[in-house]
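All chains, full assembly: derive it from the sequences and hints.
All residue numbers for the sequence shown refer to our numbering, where the first residue is 9 and numbers rise by one.
Just to be clear, a hint being listed does not mean it is correct.
[To be verified] Taking lysine-lysine and the DSS-like style, the derived pairs with C-alpha atoms no more than 25 Å apart in a straight line are:
1) 40 - 60
2) 57 - 31
3) 16 - 68
4) 31 - 42
5) 68 - 57
6) 16 - 31
7) 31 - 65
8) 57 - 40
9) 57 - 37
10) 68 - 37
11) 71 - 57
12) 34 - 65
13) 37 - 16
14) 57 - 42
15) 16 - 65
16) 16 - 34
17) 43 - 60
18) 43 - 71
19) 57 - 43
20) 65 - 40
21) 71 - 60
22) 31 - 43
23) 71 - 37
24) 68 - 31
[Claimed, not checked] So the derived label-pair ranges between C-beta atoms look like this:
25) 19 - 50: 18 to 24 Å
26) 13 - 36: 27 to 33 Å
27) 23 - 75: 33 to 39 Å
Think of the hints as simulated: they come from the structure by calculation, not from any bench. Small disclaimer: the values here were computed from a predicted structure and weren't measured. Ideal Cβ positions, reconstructed from N, Cα and C, are used throughout, including at glycine.
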Amino acid sequence: MCFSIPAKIIAINGSSALIEGGKSVKIGKDLKVKKGEYLRVVGSVAVEKLSKTEGLKIRKLLKSLNN
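As structure tokens, then:
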């Protein structure tokens, strides 16, 4: 089982994206993404695009678990 925290796209450069925290991740050919959208990232590969609502909802839930 994989665990990932949604990451916001800061910039896109060809087949990779710069996400929050300064990390660069590979974007699969089947993912159509834009700056400002959220991704689920495993390792250094984007595995799924999330809506902003879903990305922020997951972040809020994870933050509440840390308190």
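Hint check:
Note on residue 40 and residue 60: the hinted pairing holds, with a Cα-Cα distance of about 15 Å set against a maximum of 25 Å. Of the supplied pair hints, the one linking residue 57 and residue 31 holds, its CA atoms being roughly 17 Å apart against a limit of 25 Å. At most 25 Å may separate the alpha-carbon atoms for a hinted pair to count; residue 16 and residue 68 meet this at roughly 14 Å. Proximity of residue 31 to residue 42 is assessed by CA-CA distance (about 16 Å); at most 25 Å being required, the pair is judged to hold.
Our distance criterion of 25 Å between C-alpha atoms is met by residue 68 and residue 57, whose separation comes to about 18 Å. Between residue 16 and residue 31, the direct Cα distance comes to roughly 11 Å. Compliance with the 25 Å bound is thereby established for this hinted pair. Restraint check for residue 31 and residue 65: the C-alpha separation of about 22 Å stays at or below 25 Å, so the hint holds. Note on residue 57 and residue 40: the hinted pairing holds, with a Cα-Cα distance of about 8 Å set against a maximum of 25 Å.
Among the hinted pairs, residue 57 with residue 37 is consistent with the structure: their alpha-carbon atoms are about 12 Å apart, no more than 25 Å. At roughly 29 Å between alpha-carbon atoms, residue 68 and residue 37 are farther apart than 25 Å, so this suggested pair is violated. About 20 Å separates the Cα atoms of residue 71 and residue 57, which keeps this hinted pair within 25 Å; it holds. Between residue 34 and residue 65, the direct Cα distance comes to roughly 24 Å. Compliance with the 25 Å bound is thereby established for this hinted pair.
Distance hint between residue 37 and residue 16 is fulfilled; the C-alpha atoms sit about 19 Å from each other, no more than 25 Å. The straight-line distance between the Cα atoms of residue 57 and residue 42 is roughly 10 Å, inside the 25 Å bound, and the hint therefore holds. Taking the CA atoms of residue 16 and residue 65, the gap is near 13 Å; set against the 25 Å cutoff, the hint holds. A threshold of 25 Å between alpha carbons decides the hint, and for residue 16 with residue 34 the separation of about 14 Å falls inside it, so the pair holds.
Distance check on the hinted pair: residue 43 and residue 60 sit about 11 Å apart at the alpha-carbon level, within 25 Å; holds. Between residue 43 and residue 71, the direct Cα distance comes to roughly 24 Å. Compliance with the 25 Å bound is thereby established for this hinted pair. With a C-alpha separation of about 12 Å, the suggested pair residue 57 and residue 43 falls inside the 25 Å cut-off, and the hint holds. Proximity of residue 65 to residue 40 is assessed by CA-CA distance (about 21 Å); at most 25 Å being required, the pair is judged to hold.
At most 25 Å may separate the alpha-carbon atoms for a hinted pair to count; residue 71 and residue 60 meet this at roughly 16 Å. As the CA atoms of residue 31 and residue 43 are separated by approximately 14 Å, the hinted pair is consistent with the 25 Å bound. About 31 Å separates the Cα atoms of residue 71 and residue 37, which puts this hinted pair outside 25 Å; it is violated. Proximity of residue 68 to residue 31 is assessed by CA-CA distance (about 21 Å); at most 25 Å being required, the pair is judged to hold.
The hinted window of 18 to 24 Å between residue 19 and residue 50 holds, with their beta carbons roughly 20 Å apart. At about 19 Å, the CB distance of residue 13 to residue 36 disagrees with the hint of 27 to 33 Å. Between residue 23 and residue 75 the C-beta distance comes to about 38 Å, which sits within the given range of 33 to 39 Å.
Checked against the numbered hints listed earlier, the structure breaks hints 10, 23, 26; every other hint is satisfied.
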